[in-house]
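Student: Each chain, letter by letter, is given below.
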Amino acid sequence: MTEVGRARRRKEDARLLTGRTQWTDNLRPPGTLHVAFLRSPMAHARITRVDVSGARGMTGVVAAFCGQDLAAEQGSLPCAWPVTEDIVIPDHPPMAVSEVRYVGEAVACVVATDRYLAADALEAIEVDYEPLPAVVGLEEALAPDSPKVHESGNQAYTMKVTSGDVDAAFRDAPIVIERTYHQQRLIPAAMEPRAVLASTDGDSYTVWTATQIPHVLRVMLALTTGIPEHKIRVIAPDVGGGFGSKLQVTAEEVLCLLLTRRLGRPVKWNESRSEGNLTVHHGRGQVQRVKLAADADGRIRGLRVELLADMGAYLMLLTPGVPLLGASMFNAIYKMDAYEFGCTGVFTTKMPTDAYRGAGRPEATFGIERIMDELAAELKADPLEVRRRNWIRHEEFPYTTISGLTYDSGNYEAATDKAMALFGYDKLRAEQADRRDRGDPVQLGIGVSTYTEMCGLAPSRLLKEARYAAGGWEHGAVRMLPTGKVEVITGTSPHGQGHVTAWSQIAADALGVPFDDITVIHGDTAIAHKGMDTYGSRSLVIGGVAVLQACEKVREKARKLAAHVLECAPDDLEFAGGAFTVRGTDARATIQELAFAAFTAHDLPDGVEARLDSEATYDPDNYSFPHGTHLCAVEVDTETGLTRIRSYVAVDDVGKVVNPLIVEGQVHGGIAQGIGQALFEEAVYDADGNLLTSTLADYLLPSAADLPDFVTDRTETPATGNPLGAKGVGEAGCIASTPAVVNAVVDALRPYGVHDVAMPCTPERVWRALEGARS
Amino acid sequence: MPRITVTVDGITYEEEVEPRLLLVHLLRERLGRTGTPVGCDTSNCGACTVMLDGKSAKSCSVLAVQADGCEVVTIEGLGANGSMHPMQRAFHEEHALQCGYCTPGMVMAAIDLLRETPEPSEEAIREGLEGNLCRCTGYCNIVRAVRRGAQEMGRAVRTS
Chain G
7 MTEVGRARRR
17 KEDARLLTGR
27 TQWTDNLRPP
37 GTLHVAFLRS
47 PMAHARITRV
57 DVSGARGMTG
67 VVAAFCGQDL
77 AAEQGSLPCA
87 WPVTEDIVIP
97 DHPPMAVSEV
107 RYVGEAVACV
117 VATDRYLAAD
127 ALEAIEVDYE
137 PLPAVVGLEE
147 ALAPDSPKVH
157 ESGNQAYTMK
167 VTSGDVDAAF
177 RDAPIVIERT
187 YHQQRLIPAA
197 MEPRAVLAST
207 DGDSYTVWTA
217 TQIPHVLRVM
227 LALTTGIPEH
237 KIRVIAPDVG
247 GGFGSKLQVT
257 AEEVLCLLLT
267 RRLGRPVKWN
277 ESRSEGNLTV
287 HHGRGQVQRV
297 KLAADADGRI
307 RGLRVELLAD
317 MGAYLMLLTP
327 GVPLLGASMF
337 NAIYKMDAYE
347 FGCTGVFTTK
357 MPTDAYRGAG
367 RPEATFGIER
377 IMDELAAELK
387 ADPLEVRRRN
397 WIRHEEFPYT
407 TISGLTYDSG
417 NYEAATDKAM
427 ALFGYDKLRA
437 EQADRRDRGD
447 PVQLGIGVST
457 YTEMCGLAPS
467 RLLKEARYAA
477 GGWEHGAVRM
487 LPTGKVEVIT
497 GTSPHGQGHV
507 TAWSQIAADA
517 LGVPFDDITV
527 IHGDTAIAHK
537 GMDTYGSRSL
547 VIGGVAVLQA
557 CEKVREKARK
567 LAAHVLECAP
577 DDLEFAGGAF
587 TVRGTDARAT
597 IQELAFAAFT
607 AHDLPDGVEA
617 RLDSEATYDP
627 DNYSFPHGTH
637 LCAVEVDTET
647 GLTRIRSYVA
657 VDDVGKVVNP
667 LIVEGQVHGG
677 IAQGIGQALF
687 EEAVYDADGN
697 LLTSTLADYL
707 LPSAADLPDF
717 VTDRTETPAT
727 GNPLGAKGVG
737 EAGCIASTPA
747 VVNAVVDALR
757 PYGVHDVAMP
767 CTPERVWRAL
777 EGARS
Chain A
865 MPRITVTVDG
875 ITYEEEVEPR
885 LLLVHLLRER
895 LGRTGTPVGC
905 DTSNCGACTV
915 MLDGKSAKSC
925 SVLAVQADGC
935 EVVTIEGLGA
945 NGSMHPMQRA
955 FHEEHALQCG
965 YCTPGMVMAA
975 IDLLRETPEP
985 SEEAIREGLE
995 GNLCRCTGYC
1005 NIVRAVRRGA
1015 QEMGRAVRTS
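Residue numbers (the working numbering), protein chains in the order written: chain G, 7 to 781; chain A, 865 to 1024.
If you're looking for bench data, these hints aren't it; they were derived computationally from the structure. Glycine included, each C-beta is placed from N, C-alpha and C at the ideal position. Wrong hints could be hidden among the right ones.
[Stated by the list, open to error] Chain G regions said to be covered by chain A (calculated; three or more residues, Cβ under 8 Å):
{"id": "1", "segment": "23-31"}
{"id": "2", "segment": "194-203"}
{"id": "3", "segment": "290-301"}
{"id": "4", "segment": "699-711"}
Next comes chain A alone, as it looks inside the complex:
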């Protein structure tokens, strides 16, 4: 069985994995990182989105072996020193989650969206989140949260 080395939320793991093992199952079932859920099997819903070497990736569509040597950040590793990331806080403030199942992926996709477009328009946010489905919110408050998160992240960048 292939042996891989992968860093997840700052901790380095060495694992022997079947070639067919999905990254999301490595995270959830081997490493106990259950914060990242699975919502579909066709990579449409985006609930399993994580950061893979700094870019968002749907972890149901990545084999664990493909993550060899990579750094993975999940929703559980996003905050620092026990406090939430500005995007997580913005989702809370804007009531951008109801059942919360899509939320980890949505937050990751939102952060990734801002990496390329730090001050997105409403249209850019909606287009940018097209690959992440939510059945509860109708997206209005998610769009508002991404805007708020963008402002707060921008402020953090400017003052640092």
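Only chain G is shown next, with the shape it has when bound in the complex:
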């Protein structure tokens, strides 16, 4: 039996389950100092005076600095995605010097011997602010008389792409539907708050940080601070979730590095959750105007999308590019004649936005899947039937979509049929009709979402076209040790995804060695020296392939050695079960024996090095395109507005699966996060730019009691673009589930004349939507 495909229990678990963990906040080298940041209480203000002298004499305080103190050395936080030629990328000092532009922006810091004493000393810092007007709403920000976030104005960029004759598609169309959807801001809320520890020996620097991107961060820290890259080592120890929020180059990482350089001692910062809600980049934040033209039979003619995307106060690592990841996804799985996508990035005096699980694709999927339900309602047809009329049929793959992507494989019919059967679709529709007839105060709603997404971010050549500053390859290395054990070194940087287990499975098959004989090393730029890290459902489909290719190179090296040892031609050897056998004989050499032979090097053929190891860098030609059908049944109490999810079925096609247990876990977690957006979560700012949801008491993460059990299953249409046949699964659940749930809520309320409920669909919002429709 092969290892790939097995539901292996994870190698990662034992340490995590017994508390033998290496969270950044657990690390405490001798002499470690603690940093606390004083943060702006104002959304927008000029800093007229900062006096840190009161803090300097306090017990335990080693140093205190304001932005001006660090101005000459702190640089500007990077934006790696200048999406248009004329984009405005404002200067973004890690610590504000003259102006603050969101509540929570750091204005001063204290370094002390103890975290309590550091916090105490913040109280002694004096800051004078001259208030400036907050800029909160996106439409308001673009009004000519709006106060400006930056001198250049409130528009970061605007862009438009068109494919086909959009005007013709809309002209005389029998059906035109136009809707505006709001993608509320979300707080990623990985369970581990951020933490940074930086230390120096006077020559070089080590930064331990709760990050998804140690390799990218190292490059960026070098470019930002001017410290030479080879003098910086970045280590991502155990990292407690990310969801995109730790795909960032943060002010605190830069500042801790500068502080250790100044003070010559280890410097550590650990954020509190309420600090994190304010200052970890937010996700989503869009106003979507979606307009769809269709024939009388429901066939889509054209789609027009116009986004306002909330950048927040600055452009961080990927901020402007996130909404554009949706540019090729609004057309989703559907065929159409014409498509137009426009997006304007808008500055506001709020925490910057950036990647959050799905990054641009959940937003796009929501827009199209919501309006597909509106189309079905207009036609008085079943929403799945309307989708069926429009989607790419399985025999049409590979298929180049209206937005220019080529989907390599898929079978929407198979996934939908399976989901409908598991869900009991027809029976639930019958119950729904019955409840409607009876006027039951608790109505049943059925929501569908037939999504796809682009995964495996990303082919480097396509990134160049998208004006992204880096590539999208991944690196893997494999070392056979003298005793036949194996070290796999990966450039991916897992923080919950189980790469240690999955990469072991890949290597076990490729080398024919036992699963338990493999260790996987990651997340330290001194050891895993090359990588592009973990985000965008890229790790398996790019990093996993790099590991596989490195194993194959090792195998070919071993073949040469085996031919020498067994005195035959390399082509006469068969490799199976971890051993080379001379075809037609029982002469054999195991890969472990060959590893030892390479180690002793007593009898190596000419030109063969004394090592059995190799590495590979893989850069895909295309994205991969997982898809699936999610079905959700909700019960909505029309008297109280309370929504309860009764059942949820997800059938996903993520291609070939390495570990079904891990895949299922990713789907579960994604669904829960998408439900969070649909029903519970919103980062709420008031008109003055204060974040009202700055704690987990105000920002509602779904708990176990809020969610049902999920029924998950798969169809398997292998990806054709990579040798694993895998498509990626990290974001699928949360891309699919948000529209499935909101479609279900709206479906329950449609007989009352409701055709939309803004997210999150809280009891109050549902109740108000009903009241609005009744009056």
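Given the structure of chain G, go ahead and fit chain A onto it with the hints provided.
Tutor: Chain A in isolation, oriented as in the chain G frame:
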């Protein structure tokens, strides 16, 4: 400064502590018991849950001085003789953890839940874990793990 005596995972400590020191910081920063993490500052997430005199408590919401004379068991002291507690094993078997940050608190809360309800329904498990947040798993496998852990703990009780 107040002097307290506290037993943590079977070892007795005498410590002088500031009255404001949180139990979780005593554990993590004084005693080096870093297995118990901190996930929030409003006692919503439950990542820091430990056993305090046999009952679960969020150690970010307990002052160290309040633990004077108490026995604390953390995730690090749960297993016996180098083997995992049945609940830890059940979490492993059911893939009930991903990043693992909520896991110590979740395991403690699950064990505490079974103290009062040895054979909980799915609903009782979900209600019982409401005070512990997980962002990775969607809770499905956690619920399965608690069920499995309950069965194995019940079997252990019956055969002892």
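Student: Under a C-beta cut-off of less than 8 Å, do 3 or more residues of the segment 194-203 of chain G approach chain A closely enough to confirm the stated coverage?
Tutor: holds (count 5)
Student: Quick one: see if chain A covers the segment 699-711 of chain G, three-plus residues with Cβ-Cβ under 8 Å.
Tutor: holds (count 7)
Student: Taking 8 Å as the Cβ threshold, is the statement that the segment 23-31 of chain G is covered by chain A upheld or broken by the three-residue rule?
Tutor: holds (count 7)
Student: Do at least three Cβ atoms from the segment 290-301 of chain G come closer than 8 Å to Cβ atoms of chain A?
Tutor: Since 0 is below three, the answer is violated.
The structure is inconsistent with hint 3 alone, although it conforms to all the rest.
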